[in-house]
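Engineer: Turn these sequences into a full structure, and let the hints guide you.
Protein chains in written order, with the working numbering: chain A, 1 to 229; chain B, 1 to 229.
There may be inaccurate statements among the hints.
Put simply, identical chains are the same to the list, so a pair is met inside one copy or across any two.
[Stated by the list, open to error] In the SDA-like style, the derived pairs of lysine to any residue whose C-alpha atoms are separated by at most 20 Å in a straight line are:
#1 4 x 186
#2 32 x 56
#3 132 x 213
#4 4 x 185
#5 153 x 167
#6 57 x 157
#7 4 x 187
#8 57 x 124
#9 153 x 218
#10 32 x 159
#11 32 x 22
#12 153 x 203
#13 32 x 5
#14 4 x 184
#15 132 x 167
#16 4 x 26
#17 132 x 226
#18 32 x 126
#19 153 x 58
#20 4 x 24
#21 132 x 169
These are calculated hints, taken from the structure and not from any lab test.
Computed from a prediction, not measured in an experiment: that's the story for all the values here.
There are 2 protein chains.
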Amino acid sequence: MSDKARQVILQAEVVVGYRTYIELITELLGGKQIVSTGMMQEIDRCRAAVEIAIEGKRVTVVSSGDPGIYGMAGLVYEIVAQYPENIRPEVTVIPGISAVNAAAAVLGAPLMHDFAVISLSDLLTPWEMIQKRVEMAGSADFVIALYNPKSLKRTTQIEEVRKILLRHRSPLTPVGIVGHASRMGQRAVISSLERFTQEHIDMFSLVIIGNSQTFVQDGRMITPRGYTL
Amino acid sequence: MSDKARQVILQAEVVVGYRTYIELITELLGGKQIVSTGMMQEIDRCRAAVEIAIEGKRVTVVSSGDPGIYGMAGLVYEIVAQYPENIRPEVTVIPGISAVNAAAAVLGAPLMHDFAVISLSDLLTPWEMIQKRVEMAGSADFVIALYNPKSLKRTTQIEEVRKILLRHRSPLTPVGIVGHASRMGQRAVISSLERFTQEHIDMFSLVIIGNSQTFVQDGRMITPRGYTL
Chain A
1 MSDKARQVIL
11 QAEVVVGYRT
21 YIELITELLG
31 GKQIVSTGMM
41 QEIDRCRAAV
51 EIAIEGKRVT
61 VVSSGDPGIY
71 GMAGLVYEIV
81 AQYPENIRPE
91 VTVIPGISAV
101 NAAAAVLGAP
111 LMHDFAVISL
121 SDLLTPWEMI
131 QKRVEMAGSA
141 DFVIALYNPK
151 SLKRTTQIEE
161 VRKILLRHRS
171 PLTPVGIVGH
181 ASRMGQRAVI
191 SSLERFTQEH
201 IDMFSLVIIG
211 NSQTFVQDGR
221 MITPRGYTL
Chain B
1 MSDKARQVIL
11 QAEVVVGYRT
21 YIELITELLG
31 GKQIVSTGMM
41 QEIDRCRAAV
51 EIAIEGKRVT
61 VVSSGDPGIY
71 GMAGLVYEIV
81 AQYPENIRPE
91 VTVIPGISAV
101 NAAAAVLGAP
111 LMHDFAVISL
121 SDLLTPWEMI
131 QKRVEMAGSA
141 DFVIALYNPK
151 SLKRTTQIEE
161 VRKILLRHRS
171 PLTPVGIVGH
181 ASRMGQRAVI
191 SSLERFTQEH
201 IDMFSLVIIG
211 NSQTFVQDGR
221 MITPRGYTL
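Structural biologist: Dropping the structure here:
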């Protein structure tokens, strides 16, 4: 957590968030009104926060990672826009360390060169669009970071990604998988494009697929920037 | 700065970094040995850090943003690899808030959907490769974040990027430009793909180009995640 995030939470009158995240910051919450809800209720949660702000209270919506990367920031702005202009509350986003930043640090230095960030969740995005993005990122030799690579119900997409990328990259391309990056239960493994889908991957995993230059050394995944040493 | 970064700096015996960044953290440096150098001396700086670590001291290399995104992390690992295996020091990367995280927060919520991160610096990467990445990211409707968009000597690349992307996206596509994100002198402007290169852009700027769904509302740039509200 950044200093700024801590300050903003301490200054809030009301803190809104997913229950699990609220529990991680109880030491900052003394005397505040708390609105916590379960998973998958993000629209209700953000709407509650906006309505409390309209009543004139200083509200903080907490999330893990960076709220600006596939996070709650956009939803809050979109909900605010549904209210008349003259009562819309002011919204400020405090940046954070997203799963892609955290997972890269655990793996070594895979993001030293251009990279594409793609969510494999097709709940809100057509699968054809996701496939096209993987194809284009593969063909232009981007390092590729995958959010939401797999869930209990959604297991085939990661296999299709593997097939697409094998048309563009060596089967030996390093692939890193980090679970619960920067959290309790963190685990990391480095595999290859040929074999990585045999590793444990779930909705708490972040997958980073190297570019054509990425190599593994002493158990770390490194994409060279291109310096002559 | 994150709690973890602060802890690690406080625990170091030696702190190595670019002079400007060292000056930002003087309150953490009491009693420590400091190795600071000017810009463009990053190889010397990292080599000095590695050699001090080999002597047995606990060294921290500081950088701004996230050392894992176009940062010093890779260079440190690459230099370590040049030494015999039995004397290589252990390296840990502490993730941070990169310019792309910080600029997105300033602009609103542009990174709610898949995005590509591209550096326009052709010092270490052939321009043809950079162009291809811009083309592919444009054709697959990625939000695009540009690091090193322009410098005093390098002014034409950003115009070429504009031309490439105008073949794929509306001239009205929102484009955000943030200078000195999260630092003293921060400035931000939201323009359009048609006109953004008329704004001030320099080596301290981060440019974010929206996808086909990105819109501007109340002065903020928002890429919808796709929720039905």
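Engineer: Check each numbered hint against the structure and report the violated ones by number, ascending.
Structural biologist: 5, 6, 8, 9, 10, 18 and 19
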